[in-house]
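Sequential numbering of the sequence shown, starting at 5, is according to my numbering.
Hint data in this document are derived by calculation from the structure and do not stem from the laboratory.
Treat the hints with caution; some may be incorrect.
EDC-like cross-link-like pairs, simulated, lysine to aspartate or glutamate; straight-line CA separation at most 16 Å [as the list claims (entries may be wrong)]:
| # | residue 1 | residue 2 |
| --- | --- | --- |
| 1 | Lys-419 | Asp-338 |
| 2 | Lys-414 | Glu-345 |
| 3 | Lys-414 | Asp-338 |
| 4 | Lys-419 | Glu-345 |
| 5 | Lys-274 | Asp-338 |
| 6 | Lys-419 | Glu-329 |
Derived DEER-like restraints, expressed as beta-carbon distance ranges [as the list claims (entries may be wrong)]:
| # | residue 1 | residue 2 | range |
| --- | --- | --- | --- |
| 7 | Leu-421 | Val-36 | 55 to 63 Å |
| 8 | Ala-337 | Val-139 | 37 to 45 Å |
| 9 | Gly-257 | Glu-74 | 43 to 51 Å |
| 10 | Leu-268 | Ala-337 | 14 to 22 Å |
| 11 | Thr-383 | Leu-363 | 21 to 29 Å |
| 12 | Gln-71 | Arg-250 | 33 to 41 Å |
Just so you know, even glycine gets a beta-carbon here, dropped at the ideal spot from N, CA and C.
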Amino acid sequence: TTRHSAPSVTIAIQRQGELFQFRESANWIEAVGARYEFGVDGIAVLLVLLTTFLGVAAVLSSWSAIQVREKEYYIFMLLLQTGMLGVFMAMDFFLFYVFWEVMLVPMYFLIGIWGGPRRLYAAIKFFLYTLVGSVLMLLGILALYFFNSTGLMGWGGLGNPRSFFIPQFHEISSQIPPDLQFWIFLVFFVGFAIKVPMFPFHTWLPDAHVEAPTAGSVILAGVLLKMGTYGFVRFSLPILPAATIRLLPWLAGLSIVGILYGALVAMAQKDMKKLVAYSSVSHLGFVMLGIFSLNTAGINGGVLQMINHGLSTGALFLLVGVIYERRHTRMIADYGGISSEMPLFATIFMVITLSSIGLPTLNGFIGEFTILVGVFNRTWWWALLAVIGIVLGAAYMLWMYQRVFFGPLKNPENKGLDDLNGRELAYLLPIVAMCFWIGLYPKPFFEIMEKPVDYIVQKVDPEYAAAVADDGEPSADADRVAEVED
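Between the sequences and the hints, there should be enough to build the whole structure, so can you do that?
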């Protein structure tokens, strides 16, 4: 798939009628029905582009930060990129699981070798949390696999040829018994919720972020966490719609708790990196609430906010890494008044801060506004609680900025700090440009997402599917999957 350029892929995604495009298919493990199946839709292609975009920034940020075992470091970075790209492009469940596990090993070593003082504790905690979720997710995949073919305990089977082909599981979603959907959803939920991370599965994240090297934090927050949200959008909603609707109040409740809890804990942090880490718990709770609104606006906003969070939070970790290289401290109290010493750094930090809190004209506003529209249409008081999280987010981000950049320059160690150099501007300015592009002209991004989001909503919301059918559009699952397989 590397022969296709990013512009050609995105243009084709907009103009062609198929749901999945740029398909690559070959036999792999015929004995179990696993195949080499790759393809992208409008959601996957945005995450692929985000992965490669932030990957370049992460490598550029590592040139001066990584001074030992450089070859091994960049090998692990490339392996991590491979795993994440494979997750977003895989159309075979077996292949998806292989790539899901592949990314675990390089991230473990990136934290454990090049991390901070408590790196071993953070690396092992990350590994164990993710491994537990992965094993449970594997049980869910196998349950779907056997139900689709030979049968699963008391639920019988559909008698189809053995296959891990993901669109085929989309096709049989209406034939999966509700009680079986419920149990499969639960094991999927644990695996994906740990990765997001949703409250209360988030406790590994602050340790991993604080101890990871700057590039590791950028990839972890910017891309790796999106594997969890992507899992819900790609698998849980369209394959297990009855279980999704059954558990919806609990799912929305956990999302709202995550929004508020993450924001409140972030306000209490004294370490800049830890503050940004807890802000991710809050922001991704917002993404999950949009996804669980189960309507077009909410899921559109949730997917766009995945991209926005990757850009804004990835940039925040890059900026914290810049100042850490100069002062070797991330404590907010050690700074104050440094805008006079580093005006370029202060300006870009302000733009990214405003992006993170959702100022109009920047990317965060579009995503949050669209999510709120979808959530309000589902249940108005969910939106009210989510707005409280936005207000708290503005409070802790602006308070951090004020304490770091404004006021008198009291600490003599902050005098004479070097401003951003050319290499740092090379990886920060493109992110700033993307924040303004999405904030001022989001139309291309919504157009790319339109078909897959509409497909997911039809699968999970019977009322929407009926309304579409009344307008003369086909709503049968078989027709839609036939389009995919063509």
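Quick rundown of the hints versus the structure:
Distance restraint check for Lys-419 and Asp-338: the Cα-Cα separation of roughly 12 Å lies within the 16 Å cut-off, and the hinted pair is therefore satisfied. At most 16 Å may separate the alpha-carbon atoms for a hinted pair to count; Lys-414 and Glu-345 meet this at roughly 12 Å. For the hint pairing Lys-414 with Asp-338, the CA-to-CA distance comes to about 9 Å; that is within 16 Å, so the pair holds. Between the alpha carbons of Lys-419 and Glu-345 the distance comes to roughly 7 Å, so the proposed pair stays at or under 16 Å and holds.
Restraint check: the Cα-Cα separation between Lys-274 and Asp-338 comes to about 10 Å, which is no more than 16 Å; the hinted pair holds. Between Lys-419 and Glu-329 the CA atoms are separated by roughly 15 Å; this keeps the pair inside 16 Å, and the hint holds. A hinted range of 55 to 63 Å holds for the C-beta pair Leu-421 and Val-36, which are about 58 Å apart. For Ala-337 and Val-139, the hinted distance range of 37 to 45 Å is satisfied, since their beta carbons lie about 42 Å from each other.
Roughly 46 Å separates the CB atoms of Gly-257 and Glu-74, a value that falls within the hinted 43 to 51 Å. Distance hint check: the CB atoms of Leu-268 and Ala-337 are about 20 Å apart, consistent with the given range 14 to 22 Å. At roughly 26 Å, the beta carbons of Thr-383 and Leu-363 sit within the given window of 21 to 29 Å. In this structure the supplied range 33 to 41 Å is violated for Gln-71 paired with Arg-250, their Cβ-Cβ distance being about 53 Å.
Of the hints listed earlier, the one the structure fails to meet is number 12.
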